[in-house]
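Student: Chains as they are written, first to last, in this note's numbering: chain A, 19 to 314; chain B, 45 to 398.
If you're looking for bench data, these hints aren't it; they were derived computationally from the structure. Backbone N, C-alpha and C fix where the C-beta goes; we use that ideal spot for every residue, glycine too. One should not assume that every hint holds.
So the derived label-pair ranges between C-beta atoms look like this [to be verified]:
id, chain 1, residue 1, chain 2, residue 2, range
1, B, M381, A, M170, 43 to 49 Å
2, A, P236, B, T264, 49 to 55 Å
3, A, G173, B, D240, 26 to 32 Å
4, A, G173, B, R291, 44 to 50 Å
Each chain, written out:
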Amino acid sequence: MAAITSSVPLADAPQTRRKFPFLLIALLLPMAIINFIAFVLPVVRLGMISFIESRSGGVLTNNYTLENYVSFFTDSFSFELVANSLTLGFGVTLITLCCAYPIALFLHRVSPKWRNMLFVITVSPLLVSSVVRTYGWMVILGDQGVVNGILMSSGIIDSPLRLTNNTLGVFIGMVEVLIPYMALSLIAGFGRLENVYEEAAASLGANRWTRFRRVILPLTAPGIALGCLLCFVLSISSFITPKLLGGGRVFLLATEIYDQAVIQLEWPTAAAISVIVLIIFGLALAVYSRVVKRFD
Amino acid sequence: MKRISTRVLSATLFAATMLSGAYANAADITVMGYRGPFEENYTKAVIQPFMKAHPDIKVTYYGVQNAANSLGNMRAQRDAPQVNAVIYDLSVAKIAKEEGLVADLDTSKLSNYADVSEIGKDLGGAAIPLTYDTLSLIYNAKAFPTAPTSWEALWDKKQDGKVVLPAQGGGDIQAILLTIIANRMAGENDYKKTIDPGVEKLVEVAPRVQTWEPKPDAYTLVANGTATVSIGWNARSQFYFDQTEGRMSSVGPTEGTASQINVISAIEKASEAEATQTFINYAISPEAQAAFAKAMFYAPVNTKAVVDEATAKRIPMMDPVQREKLIPVDWMTIGAMREDILQPWRRKIIPAGR
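With the hints as extra help, turn the sequences into a complete structure.
Tutor: Here is the structure:
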């Protein structure tokens, strides 16, 4: 074996080896520099701030402490924040998946003549800022909004339903904002799905439900995993929609970071929560890579 | 050819020397403060007249969303400040002073300082009082044919679902002041002793609250009828009263109200210290104070400022009766109590309205 290895043309091999890392480094260097400046350095700084001791009122000192993390993990309100964020993350992801999956499946199957146009329509909400869309939902769901207006004028209800300024409003807004992302991810992950497999299953006597459960779902699983990861990360870090549609009633990790930094002026607490959110993202990514490995 | 070149060179050098001399005498300073109507009116009423009177000093206004943003910028620019002075809230100024972000000016060098009222002078030359404002009850004029006179309007059962209480992120200065006011309404005058009665009173109103985080703000929601009653700062309320042609009105309730103090500080390590000091002295002068009071309805801090009667009537701090009933708030200790006052908002008051 050793003799075979040594019989490989030695004149070329070292040259290839020498050139390859150089090219690789040259290609990676610009992105690595940008990432280092725009991501690594700020995250390191964030981590450092999370250990700074602050006096009452938010005055920063030059001392370092673990207190910001200790107070987070010993406060029951923090667990409420984590629970609210995870509920929102999982809930919105699940609803978005249920809404976007049929759309993505339809787009995958529709004739190429219509596919492009329908695809553009599906992702067209992304052309409008999510802030503008969320303001739109405030108008639609408000006490004097379109929905309540129709329900009240038709005599179905006497007083307006509270559709916004609460968790329900945040869910509605978030699902609408995330549907295009989920649909895009699903379509991207539907590469392995082909009609012939369904036809084969049907020819073997599988009914519609069995075909969906045993053929379509497993083949589209990579797309589902990708879409779920993207929506979960986006919803758990979402800030604008909960701020605008939550009415100050929905306390989440992302809104807490803003409030601690900008309202309460407690930068170290805000930094500590940010680090914790980063860890949650890391865990989500780890789960995703394990799930994807299972389907490969 | 050689002679011409020498002449051209001499002339260029002369011009450059003259220009650099003129440039050295001019100062360019930046003042950071609240954006929106405050920026617009402050530029017109104070900065432009100042630049007219001091042609050698150019002042640029840099608008930020709130005092916390100002503090953030000051922290970020600690070693190389890009602004020379900052207009912000007294409670935030205390943090800035303790972190060494602002210069402690020698007030004896500010000729107008002696005429400044004693309210808000707690931080000396590090934060000089600039404007006084008060918390007001704001209401939709259509929803209240008879103008409310008491804070109790917030607890009015008829306003169910139409009450807006701004408590962004679990509350800021307005929430702190409302807690103190509710505490007094519930019979406890000393908020330093306990705020429990005030918290209980606010828990009662929670189910009737439409939103704790009005967007774009409480004034707009009350003006367009989405809400009927809320709280807000008097200066902005008066501004919106004019803007909405009276659809949104405000009142200084009979139980009394509490004040908010804006201060101006020179930034530590910033350049143009002398020009900055000249501007700050002008900002607290009777003419600048009167002009800004007329433009934006902030009570002047300079006791010699002359404000016309029509404007004074719309500023509760200038009404002797209201000033007498002013609820004392020690902004120097509020920082330490902030967490204790605001924690019940997130854990008790706001959840009671879910």
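Student: Now tell me, hint by hint, if it's right for this structure.
Tutor: Cross-check of the supplied hints:
Separation of B/M381 from A/M170 is about 45 Å and conforms to the stated range, judged on CB atoms against 43 to 49 Å. Against the hinted window of 49 to 55 Å, the Cβ-Cβ separation of A/P236 and B/T264 comes to about 52 Å, which satisfies the hint. At roughly 45 Å, the beta-carbon separation of A/G173 and B/D240 lies outside the given 26 to 32 Å, and the hint is violated. Against the hinted window of 44 to 50 Å, the Cβ-Cβ separation of A/G173 and B/R291 comes to about 29 Å, which falls outside the hint.
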